[in-house]
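Asks: Sequence:
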Amino acid sequence: MRWVKNGDFYQLRLLTGEEIVSSLVDFVQKVRIKSGVIWGLGAAKEIVLGWYDLKHHIYHRRRFRGEYEICTLMGNIAWENSEPICHIHTVISNRRFATYGGHLFEGKVGATCEITILTGRKRLCRELVPDAGLKLLKL
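Quick note, the sequence shown lines up with residues 909 to 1047 if you use this note's numbering.
Hints were generated in silico from the structure; no laboratory data involved. Nothing false has been slipped in among the hints.
Taking lysine-lysine pairs in the DSSO-like style, the calculated list, with each CA pair at most 30 angstroms apart, reads:
no. : residue 1 : residue 2
1   : K1046     : K913
2   : K953      : K1016
3   : K913      : K942
Just so it is clear, the structure is predicted and the values come from calculations on it, not from any experiment.
Build the full structure now, drawing on both the sequences and the hints.
Replies: So this is what it looks like as structure tokens:
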């Protein structure tokens, strides 16, 4: 990964083969980002997306093999105890221009993945909300 601090935000370029989500989590921990928003674009492969089933409180996951464009990637940064949580959703497209979207569980960078992180001043945390079965932002 290459990165630069640019005023109130960071600009990152993840390198071919890097795992997107874990690289972002490591970066957030390394530079001690308290909270923020994430957006980006690029290309990825070996992607796992999820769709949350509120009734059953489970994610349905689907693996996408091969290369895809990252049409958009967006999310936020918060913490659970001492661990940063990067909650990321993405839309990807294949060579036929068909798109798929959902919660990004994992994916490896293809040609590039360019990310911008706008940082917040307050440390945000997540807490379990039993009705949703999810750890949501505690605001």
